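Q: FYI, the working numbering numbers position 65 of the sequence shown as 65, with every residue one higher than the one before it.
Think of the hints as simulated: they come from the structure by calculation, not from any bench.
Note that the structure is a prediction, hence the values are computed from the model and not measured.
Any given hint could turn out to be false.
Said to hold, decoys possible - The calculated EDC-like cross-link candidates involving lysine to aspartate or glutamate, where the alpha carbons are at most 16 angstroms apart (straight line), are:
(1) Lys-172 with Asp-151
(2) Lys-172 with Glu-222
(3) Lys-62 with Asp-40
(4) Lys-172 with Asp-105
(5) Lys-228 with Glu-248
(6) Lys-172 with Asp-230
(7) Lys-206 with Asp-230
(8) Lys-172 with Asp-219
(9) Lys-228 with Asp-151
(10) Lys-62 with Glu-88
(11) Lys-228 with Glu-218
(12) Lys-228 with Glu-238
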Amino acid sequence: MYSTILLPIDGSSGSERAVDRALEFARRFGATIHVLSVVDTGDEPVGLDRKRRDELRRRAEKRSRQATARVRGHATDLGLEATRAVREGAPHRSVLEYATAEDVDLIVMATRDRPDVRLGSTVGRVIERADVPVIAVPSEDGQSVDAISYDRVVIPTDGSDAAERAAERGLKFAEIYGASVYVPYVVDTTSYDLEETSRSVVGLLKEGGQNAVEAVAEDARERGLTAKTDVLRGAPDEELLEYAAGVEADLIAMGTRGRGGATGDLLGSTTARVLRRTTRPVLTVR
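Turn these sequences into a full structure, and let the hints steer you where they fit.
A: Dropping the structure here:
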């Protein structure tokens, strides 16, 4: 399923939390893992002379080399094939360029420790632009490689193309790990005032939701997986967060844009709102 996994790190405690997730995936899929650290040349203080700027870059590059060497060593100890690289530039651009150049199949990245800046950071920009799936690992995650399991996979759907692509990826994960699948659809009460909407329209919304979840569930069952469906009401992000917590999800698989945001910005999407607040890894698919 995945033969080349990219793990961008920046040496922070937040990015370190994605390491074990990436290593576990690499071990499961027999993939080569690429450990990448980017020296952010746009983050230097204004007004530095060239000598001082060069010194700061040398120090940053040294830290990056040490961090990538440490992770590669950990991967090697696990019997994994691993390579490391250090680049300079804007982090999200460097990650995307590296992913393209190395024909990466999957990117695993940590979100930031501060929820309010998670999607203004590198991971948000990578999720928005990457041509391959991205797994965002929240800062609260702290499991070791051997403790990581994927027994329950939540695959929200709204029937959109992006949701269908995410469902295919999520089901593949569930197959490989033998996980149970949970498929929710949320009738968005922030878009429809159900108290003021006619019964016939409400019925159509529910029917559409039921059709969407059953399509995913049927696919899951054809793969030999157990699947449970639910049609919910409310604000989609609120409902999905509560739902994932209720079933103790190990992974959430979502499209980056649904029907309401097919041409919009990731930052305003349900997926972005879930990413800002969830404590669970999220597999995102464009």
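Q: Are the hints correct? Go through all of them and say.
A: Results of checking the hints against the structure:
Annotation: proposed proximity of Lys-172 to Asp-151 holds, straight-line Cα distance about 13 angstroms (limit 16 angstroms). Taken as a hint, the Lys-172 and Glu-222 pair is honoured in the structure, with Cα atoms around 12 angstroms apart against an allowance of 16 angstroms. Among the hinted pairs, Lys-62 with Asp-40 is consistent with the structure: their alpha-carbon atoms are about 13 angstroms apart, no more than 16 angstroms. This hinted pair checks out: Lys-172 and Asp-105 have alpha carbons roughly 14 angstroms apart, not beyond 16 angstroms.
Simply put, Lys-228 and Glu-248 have alpha-carbon atoms about 14 angstroms apart, close enough for the 16 angstroms limit, and the pair holds. For a cut-off of 16 angstroms, the pair hint linking Lys-172 to Asp-230 is broken: about 21 angstroms separates their Cα positions. Distance restraint check for Lys-206 and Asp-230: the Cα-Cα separation of roughly 10 angstroms lies within the 16 angstroms cut-off, and the hinted pair is therefore satisfied. The hinted pair formed by Lys-172 and Asp-219 meets the criterion: a straight-line CA distance of about 11 angstroms does not exceed 16 angstroms.
For a cut-off of 16 angstroms, the pair hint linking Lys-228 to Asp-151 stands: about 14 angstroms separates their Cα positions. In summary, the hint linking Lys-62 to Glu-88 is supported, as the alpha carbons are separated by about 12 angstroms, within the 16 angstroms threshold. This hinted pair checks out: Lys-228 and Glu-218 have alpha carbons roughly 10 angstroms apart, not beyond 16 angstroms. Proximity of Lys-228 to Glu-238 is assessed by CA-CA distance (about 19 angstroms); at most 16 angstroms being required, the pair is judged violated.
The structure fails hints 6, 12 (numbered hints given earlier, in ascending order).
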